[in-house]
Amino acid sequence: QKEVEQNSGPLSVPEGAIASLNCTYSDRGSQSFFWYRQYSGKSPELIMSIYSNGDKEDGRFTAQLNKASQYVSLLIRDSQPSDSATYLCAVNIINSGNTPLVFGKGTRLSVIA
Amino acid sequence: DGGITQSPKYLFRKEGQNVTLSCEQNLNHDAMYWYRQDPGQGLRLIYYSQIVNDFQKGDIAEGYSVSREKKESFPLTVTSAQKNPTAFYLCASRQGGDTGELFFGEGSRLTVL
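Chains as they are written, first to last, in my numbering: chain L, 1 to 113; chain B, 1 to 113.
Fair warning: there could be bad hints in the mix.
Derived DMTMM-like pairs (lysine to aspartate or glutamate); straight-line CA-CA distance at most 25 Å [unchecked claim]:
1) Lys56(L) - Asp59(B)
2) Lys42(L) - Glu101(B)
3) Lys57(B) - Asp83(L)
4) Lys57(B) - Asp78(L)
5) Lys57(B) - Glu15(L)
6) Lys105(L) - Glu15(B)
7) Lys105(L) - Asp54(B)
Facing chain L, according to a computed beta carbon distance under 10 Å, are these residues of chain B, among others [claimed, not checked]:
8) Gln6
9) Leu11
10) Phe12
11) Asn84
12) Phe88
13) Gly100
Using C-beta positions, here's what the derived DEER-type ranges look like [what the hints assert, rightly or not]:
14) Ile51(B) - Pro81(L): 17 to 27 Å
15) Gly63(B) - Gly41(L): 47 to 57 Å
16) Tyr51(L) - Thr86(B): 17 to 27 Å
17) Ser22(B) - Ile18(L): 20 to 30 Å
18) Pro81(L) - Pro8(B): 42 to 52 Å
19) Asn22(L) - Asn26(B): 48 to 58 Å
Don't read these hints as lab results, they were simulated from the structure.
Glycine included, each C-beta is placed from N, C-alpha and C at the ideal position.
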């Protein structure tokens, strides 16, 4: 059974702080990792993807992957109230064709102005 | 613009009625998926299709049916056998390959009266 675990939150951070979101996964064969942001009542939108160990930065967002420890994290620097949303972690097994991503239940982030 | 179109956005139905949710994509993606999301919950996979005229059950397929007669289209029927159909339904698609990202439509919100 492939599982992806996230702390449901809410995670509250003050405006301008760094928000750290974590995700662990059970299947060691997992190779592709994605972070989606979902505003209330809206569909998820992709914000980051990462495929190899280490850090990947895109603007205020940094994804970190550690395959040995089976976790992936998302850092949001200079958090803004507009970052308040639920963040979904999703995992895929490489060489598995188009089999579905496995999603965590999401972490709700609240950025306090 | 390329994307995924779901319709209707909001749908009300009486108990005992079947309803069909439409999903059309012009991204030329091979794979398409249907997810269900309940309040405060993650995404649960209903059905997916990796190729035309083929589809597989997801984790919660009971009470649902799908077809994939065209690459662009993957409609979902919520039957009267689905005991608790009120939910937010998300259609998604993905290009082939190991690192293909999942793209979502805007969702359809079904309410059973």
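Here is what the structure says about each hint:
| no. | hint | in the structure |
| --- | --- | --- |
| 1 | Lys56(L) - Asp59(B) | violated (32 Å) |
| 2 | Lys42(L) - Glu101(B) | holds (18 Å) |
| 3 | Lys57(B) - Asp83(L) | violated (34 Å) |
| 4 | Lys57(B) - Asp78(L) | violated (42 Å) |
| 5 | Lys57(B) - Glu15(L) | violated (43 Å) |
| 6 | Lys105(L) - Glu15(B) | violated (28 Å) |
| 7 | Lys105(L) - Asp54(B) | violated (28 Å) |
| 8 | Gln6 | holds (9 Å) |
| 9 | Leu11 | violated (15 Å) |
| 10 | Phe12 | violated (17 Å) |
| 11 | Asn84 | violated (18 Å) |
| 12 | Phe88 | holds (8 Å) |
| 13 | Gly100 | holds (7 Å) |
| 14 | Ile51(B) - Pro81(L): 17 to 27 Å | violated (43 Å) |
| 15 | Gly63(B) - Gly41(L): 47 to 57 Å | violated (24 Å) |
| 16 | Tyr51(L) - Thr86(B): 17 to 27 Å | violated (37 Å) |
| 17 | Ser22(B) - Ile18(L): 20 to 30 Å | violated (42 Å) |
| 18 | Pro81(L) - Pro8(B): 42 to 52 Å | violated (31 Å) |
| 19 | Asn22(L) - Asn26(B): 48 to 58 Å | violated (36 Å) |
Checked against the numbered hints above, the structure violates hints 1, 3, 4, 5, 6, 7, 9, 10, 11, 14, 15, 16, 17, 18 and 19; every other hint is satisfied.
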